[in-house]
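A.B. asks: These are the residues of each chain, in order.
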Amino acid sequence: MRATRNILIVDDEKSIRKFLKVGLEMEGYNIFEASSVHEAIQYSVAHRPDLMILDLGLPDGDGLDVLNTIREWSAIPVIVLTVKEDEQNKVKALDSGADDYLTKPFSMPELLARLRVAWRHGEKEGAPPVFRSGPLEVDIPGHIVKLDGNVIRMTATEFAILKLLIKHAGKVVTHRQILKEIWGPNSVDQTQYIRVYVGHLRKKIEPYSDSTRIIQTEPGVGYCLLEL
Amino acid sequence: MAPDSYLGVGAGILLISLFNYIIKIYIGYRAVGFVFLLAIVTFGPFLRFGTVILASTLSALIWNFFFIPPQGTFTIHAPEDVMMVITYFVIAVTTGLFSTQLKKNETMIRKQNEAERHAKILTESEKLLRTLLDGISHELKTPLTAIMGAATTLQSQHDKQPNEDSIYKELLKEIVSSSERLNYVFENMLDMTRLESNVIHLKREWFDVLELIQFSIDRQSKRVVQHTIRFYTEEEPIYVHGDFTILEHALSNLLLNAASYSPEHSKITLSAKKQEGVILIAVQDQGSGIPEEYIPRVFDKFFRLHATLSGGLGLGLSIAKNWVELHGGTITVKNNSDQGAVFTIQLPYVEPPSVILDSAI
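For the protein sequence lines, the chains are A and B, in the order given.
The first sequence: position 26 = 26 (this note's numbering), numbered continuously.
The second sequence: position 306 = 306 (this note's numbering), numbered continuously.
Calculated from the structure, these hints are not laboratory results.
Here the structure is a predicted model, which is why all the values come from computation and not from measurement.
Beta carbons: idealized from backbone N, C-alpha and C, even for Gly.
Be aware that a few hints might be false.
[Stated by the list, open to error] Rough simulated footprint, nothing fancy, chain A against chain B, three-plus residues with beta-carbon under 8 Å:
| id | segment |
| --- | --- |
| 1 | 15-27 |
| 2 | 153-161 |
| 3 | 239-248 |
[Unchecked claim] Selected chain A positions facing chain B (Cβ under 8 Å, derived; list incomplete):
| id | residue |
| --- | --- |
| 4 | G23 |
| 5 | M108 |
| 6 | P109 |
| 7 | N186 |
| 8 | S187 |
| 9 | T191 |
| 10 | R195 |
| 11 | G220 |
[What the hints assert, rightly or not] Under the rule of at most 35 Å between Cα atoms (straight-line distance), these lysine-lysine pairs were calculated in the DSBU-like manner:
| id | chain 1 | residue 1 | chain 2 | residue 2 |
| --- | --- | --- | --- | --- |
| 12 | A | K163 | B | K222 |
| 13 | A | K203 | B | K267 |
| 14 | A | K84 | A | K21 |
| 15 | A | K84 | B | K301 |
| 16 | A | K203 | B | K222 |
| 17 | A | K204 | A | K180 |
| 18 | B | K222 | B | K203 |
So that you can see chain A by itself, here it is in the shape it has in the complex (with noise of 0.2 Å):
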């Protein structure tokens, strides 16, 4: 039997905790409430929740505030709430350690997908070696990239932003994180070019205009293999 799962909110909005509290607790889990930067912190350390949603607007200071601190001794899953325009805060927030974000306004199934998502990735144990999703699979340590059991020749750098993202199934990757992994840290300033190596990617495993969509792109933000 699965142990109650505790979930910390942290908004200082109030009517935005009360829904996600009554949707959570719907759901089985059990809810905590912070308002602040401060509280957030706090109250991390003293019920020790298995997931944190996490508002970036705080009133006593920046949401990625409460992510750097306890990133530093937790790696409990984070989704952070943000709004649409926001494209900056989301990279930031995804660079510092968050595991997904939603954009507000959002859907109570849509946060709960996410949930189960974020709830997975901190189970693995690692990346499988044989990756399925759809019609792709990918062999990681041999090398082998199959779709609908054809096997694609892949350049070496489409095969690391490949198994890069497959480390990630299902969460957003950013640029620079792609930019970091494969040419190194020297080059996260280059985000410019990355779209047309992702597109040659995508060229290859969705080589037709209704191919089933694999990669999906976070304009702005990055990318997501999804898990079909």
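Using the hints, position chain B against chain A.
C.D. replies: For chain B alone, kept in the frame of chain A given last:
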């Protein structure tokens, strides 16, 4: 007659010469030079290079001819007087020039400071505007988030234990779809405000036009379910250097517009091609076209024809046009010969760097 013109300076020197003539008997012919020098040094900052030279030369000549013995000639008897005149001339010119240069520097520094202050005010007000817009966005989105969140939670709960009373299901659906519509309107309004306040900064990247089209279609697929969407581009990738998010917005707006003004099950075609230094992205529908008299007004803010998909302030096309113009491009519209209208985005074509062209290898 401007005081620093050649005429003015000439006249000034003559005046001083007259003055000198009068006081010569008190101060002697040598001190006359000092009076001239004093005048040039004092007025130097207000003169240009040319007039300083004129003043120095003219005064030297007058001094020589009328005052230095033998008077009435340009010859100078005493060798120390020759030295004196030459030195005078050098001092007059250099001091005059120094003063003019000093003045120039002063003005330049003043202008620089002003420009700096201006730039600072501009960034400050831009920051203020951004903060204001963020605040407005927050105030609009927060209650909307609560409404959507609460309604979808109720929906989930209802789906788990559905009762025969279907008004919950129907009304909750209504709340959610109205919230989505409101959200769309808010976003358009905020976009429009940001565009008009010039707080948008483009984040340019290189990408294949095909990717833009595919992404846009995927994004809008849920909202244009009733239409068939086709697209085609050229064999070779067409690389664009632009802000992906923003151009996608623009294209999506055109796509949604096409869906609004064409009948269900009709075809919408997106295409891209490269032609003589421009990239053309077209969105074509099979609607009833746009009446000729409205074509010039189609991109106006808040302009709407009768629409089939309800909602919208009439900002979509206006916003799209702005987005494209920010990239140095244009959007045009014309009616198809047989049916419907075609909107064309035109972007300047820039040759991609070799690293992009070689990347497919």
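A.B. asks: Would the pair K203 (chain A) and K222 (chain B) pass a check requiring their Cα atoms to be no farther apart than 35 Å?
C.D. replies: It holds: about 23 Å lies between the C-alpha atoms, which stays within 35 Å.
A.B. asks: Grab the minimum C-beta distance from G23 (chain A) to chain B and call the hint holds if it beats 8 Å, violated otherwise.
C.D. replies: This interface hint holds because 4 Å falls under the 8 Å limit.
A.B. asks: Does the structure keep K163 (chain A) and K222 (chain B) at a Cα separation of 35 Å or less?
C.D. replies: With Cα atoms ~30 Å apart, K163 (chain A) and K222 (chain B) stay inside 35 Å; holds.
A.B. asks: Double-check S187 (chain A) for me: the hint is only fine if its C-beta lies closer than 8 Å to a C-beta in chain B.
C.D. replies: This hint is violated: S187 (chain A) lies away from chain B, its Cβ roughly 12 Å from the closest one there, beyond 8 Å.
A.B. asks: Does the interface hint hold: is R195 (chain A) within less than 8 Å of chain B, judged Cβ to Cβ?
C.D. replies: Because about 4 Å separates R195 (chain A) from the closest Cβ in chain B, which is inside the 8 Å limit, the hint holds.
A.B. asks: Please check whether P109 (chain A) passes as an interface residue: C-beta within 8 Å of a C-beta belonging to chain B.
C.D. replies: holds, 6 Å
A.B. asks: Does the interface hint hold: is N186 (chain A) within less than 8 Å of chain B, judged Cβ to Cβ?
C.D. replies: violated, 16 Å
A.B. asks: Are the Cα atoms of K84 (chain A) and K21 (chain A) separated by 35 Å or less?
C.D. replies: holds, 23 Å
A.B. asks: Quick one, are K203 (chain A) and K267 (chain B) close enough, alpha carbons at most 35 Å?
C.D. replies: holds, 25 Å
A.B. asks: Under the criterion that the straight-line Cα-Cα distance not exceed 35 Å, is the pair K84 (chain A), K301 (chain B) satisfied?
C.D. replies: holds, 22 Å
A.B. asks: Should the hint that G220 (chain A) touches chain B count as held when the rule is a Cβ pair under 8 Å?
C.D. replies: Given a least distance of 5 Å, the restraint on G220 (chain A) holds.
A.B. asks: If you count the residues of the segment 15-27 of chain B with a beta-carbon closer than 8 Å to a beta-carbon of chain A, do you get 3 or more?
C.D. replies: Our answer is that it is violated, as 0 residues pass the Cβ test (under 8 Å) against chain A, missing three.
Hint check: violations occur at hints 1, 7, 8; the rest are consistent with the structure.
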